[in-house]
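Student: Sequences and hints are given; from them, build the entire structure.
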Amino acid sequence: MTTTLTPPKGTAPAAPQPAEKKRKNKGSTGVPEATPLTYIGLSLTVLLSFFPLWWMFVVATRDSAAASARPPYMWPGGNFLDNLERLFANTSANFTLGLINSAVSATVLALSVVFFSSLAGFALAKLRFKGRNAAAVGVVLTMAVPVQMGIIPLLMLMEWFGWRGQIIAIIVPFMVSGFGVFMMRQYCVQAIPDELLEAARMDGCSTFRIYWSVVLPALRPAMVVLGLLTFMTQWNEFTWALAVLTPANPTVQIAINQLNQSAYSRDFALMFTGSVVATLPLLILFFVLGRQLIGRIMEGAIK
Amino acid sequence: MTLLSHGGAPPGGKEEPVLSPPGNDANAKRERRQIFWTRLDLKVSPYLFISPFFILFAIFGLFPLVYTVWVSLHDWTLLGGNQGFVGLDNYVRLVQDGKFWNSLYNTFGIFVIAVVPQLLLAMYLADTLSRKVRAVNFFRMGLLLPYLTSVAAVAIVFSQLFGTQFGLINYALGFFGIDPINWQGGTFSSWVAIAVMVDWRWTGYNALIYLAAMSAIPRDIYEAASIDGASRTRQFWQITVPMLRPTIIFTVIVSTIGQMQLFTEPVIFGGVAGGTQGQFQTTMMLIFEEAFRFNNYGYGSAIAWTLFMLVVVLSALNALLSSRIKGA
Chain H
1 MTTTLTPPKG TAPAAPQPAE KKRKNKGSTG VPEATPLTYI GLSLTVLLSF FPLWWMFVVA
61 TRDSAAASAR PPYMWPGGNF LDNLERLFAN TSANFTLGLI NSAVSATVLA LSVVFFSSLA
121 GFALAKLRFK GRNAAAVGVV LTMAVPVQMG IIPLLMLMEW FGWRGQIIAI IVPFMVSGFG
181 VFMMRQYCVQ AIPDELLEAA RMDGCSTFRI YWSVVLPALR PAMVVLGLLT FMTQWNEFTW
241 ALAVLTPANP TVQIAINQLN QSAYSRDFAL MFTGSVVATL PLLILFFVLG RQLIGRIMEG
301 AIK
Chain C
1 MTLLSHGGAP PGGKEEPVLS PPGNDANAKR ERRQIFWTRL DLKVSPYLFI SPFFILFAIF
61 GLFPLVYTVW VSLHDWTLLG GNQGFVGLDN YVRLVQDGKF WNSLYNTFGI FVIAVVPQLL
121 LAMYLADTLS RKVRAVNFFR MGLLLPYLTS VAAVAIVFSQ LFGTQFGLIN YALGFFGIDP
181 INWQGGTFSS WVAIAVMVDW RWTGYNALIY LAAMSAIPRD IYEAASIDGA SRTRQFWQIT
241 VPMLRPTIIF TVIVSTIGQM QLFTEPVIFG GVAGGTQGQF QTTMMLIFEE AFRFNNYGYG
301 SAIAWTLFML VVVLSALNAL LSSRIKGA
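In order, the protein sequences belong to chains H and C.
FYI, the numbering for the first sequence is 1 to 303, going by the working numbering.
FYI, the numbering for the second sequence is 1 to 328, going by the working numbering.
One or more of the hints may lead you astray.
Where chain H lies over chain C, by a calculated footprint (3+ residues, C-beta under 8 Å) [claimed, not checked]:
hint : stretch
1    : 129-139
2    : 145-156
3    : 204-214
4    : 265-273
5    : 288-297
Subject to a maximum C-alpha distance of 25 Å in a straight line, what follows is the list of computed BS3-like cross-link-like pairs (lysine-lysine) [unchecked claim]:
hint : chain 1 : residue 1 : chain 2 : residue 2
6    : C       : K43       : H       : K126
7    : C       : K29       : C       : K43
8    : H       : K130      : C       : K43
Derived by calculation from the structure, the hints in this document are not laboratory data.
Here a beta-carbon is modelled for each residue, glycine too, at the ideal position from N, C-alpha and C.
Tutor: The structure is reproduced here in structure tokens:
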């Protein structure tokens with residue numbers, strides 16, 4: 001049970017692990033047994049976590065009147081494909097374009113954040129240079145500053161560049177991440193032995209070559225987590241996209257908000273179908289990455 | 001080529017070939033070139049590697065933040081551009097603006113009724129999960145599920161669930177004899193609805209953080225306590241909670257920073273205006289409305305900078321308090 005939580009080989013060891021193991025060896029003393037009440041409480045929580053998503057799916061598979069039916073439907077119907085068709089045909093939402101924009105921006109950003117973070121993290125962890133400590137502190141400081149408050153000048157910047165309303169405006173400003181650099185630096189310290197780098201240096205590798213052929217392969221597990229987290233964050237981004245993009249060229253989140261804003265004839269089946277499509281990639285991510293993410297959160301690696 | 005690659009080498013370098021046998025002149029040159037490049041590589045590469053991060057952060061993170069102050073001191077609109085320096089006029093207006101105070105009131109109100117139950121519930125769940133539970137991974141995954149969903153999509157679903165006429169929540173409350181509540185219409189009721197959306201997403205996440213911290217507490221302490229006859233509840237309040245203090249403070253700080261910028265859930269719930277009376281318009285929504293609906297960059301920046309200072313002060317206060325508590 002405990003071992004399945006362990007991040008893949010090479011990932012930073014989960015902090016709670018030793019304690020848990022110790023507890024196991026001690027047998028039944030110490031750790032209190034779960035009572036039936038424990039299971040009831042936990043099951044209720046999981047049910048509450050799951051219910052809104054289930055409800056979203058149920059309404060998305062029925063017709064527009066189903067959301068207000070009494071007693072409420074609790075089981076999916078057969079209208080999902082119809083709803084999907086209507087969703088993609090809806091001219092005010094531009095859902096297809098939204099999907100493409102979200103997928104492209106999230107993918108580009110995931111790659112870019114992983115690349116720049118590993119590059120800088122490697123330098124801060126393993127290379128010797130003047131000002132290294134100051135730079136490392138600087139990275140941590142950038143994480144502590146709520147730069148979102150600069151949203152107005154950032155939009156002005158986009159206007160000066162002529163990027164307002166274009167997809168590039170939700171990509172370029174977020175190509176680096178202080179959190180990413182920090183995470184990669186921590187990982188480099190643990191996962192890459194100095195001897196390996198020295199050996200590569202002896203063989204006459206340039207620094208970039210060392211990064212590319214020695215460091216990158218060793219960083220892979222952390223890169224996957226960082227990349228998927230970045231993808232998720234960008235896929236979810238709402239505030240900035242609402243400010244800088246237009247409904248004519250939206251992301252998925254802006255597209256479903258557009259359906260939501262047409263207040264007079266709220267078509268819940270349509271809105272919920274959009275929500276299902278907007279959530280689906282994240283749910284897939286959850287099933288692929290869930291366990292690793294739990295390990296990371298429990299290490300305190302993710303804010 | 002050779003000359004170029006020698007770049008900054010002193011002119012005396014020309015005499016160097018004397019040191020090596022005349023026949024190996026070409027070899028020596030190549031070697032020197034290699035040494036030069038290696039040195040350059042060692043010296044410059046680290047800076048090249050870290051510079052993309054710092055350059056991009058400076059342009060798209062730091063500059064906008066600092067420039068906010070400058071814009072806030074001007075009468076600045078989208079169409080008219082910079083209409084001149086007005087000193088602190090925007091801040092004077094802000095102090096007198098009922099909408100600004102209303103937005104702060106809403107932000108703090110939602111913060112309190114969201115974060116306090118959220119962290120308490122998270123702690124209870126973590127305590128539960130730290131017992132010997134079967135299928136612990138299933139429950140952990142169940143707790144994390146809400147964290148990995150689309151914020152906007154879930155806000156849409158909750159807005160429907162909180163509908164006055166057709167929402168399931170009023171329907172369920174009806175079984176307990178409670179009349180339909182106009183969730184969106186009232187101040188407190190709309191705060192509750194938004195707090196539920198926020199808590200649905202973040203409770204499990206915080207529970208996992210607490211769970212990690214709990215499993216690092218040495219078991220012997222509990223054993224000693226139970227030998228001394230301390231009940232489970234007493235152990236929880238007198239061992240678990242004090243030992244978790246640093247983690248609790250961490251989650252409080254992170255939640256504070258996040259909640260001060262609350263935006264997506266209330267916007268989906270009822271637009272940037274935050275309801276008919278602005279009863280759930282947060283400060284972030286007001287910034288958005290002033291700057292991007294009314295195109296008033298100067299005034300919007302004044303609000304943004306005030307909120308920024310508020311976040312900084314609150315974080316500092318949290319940090320100060322935590323060091324005080326630790327010292328005590």
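Student: Taking each numbered hint in turn, which are not upheld by the structure, reported in ascending numerical order?
Tutor: none
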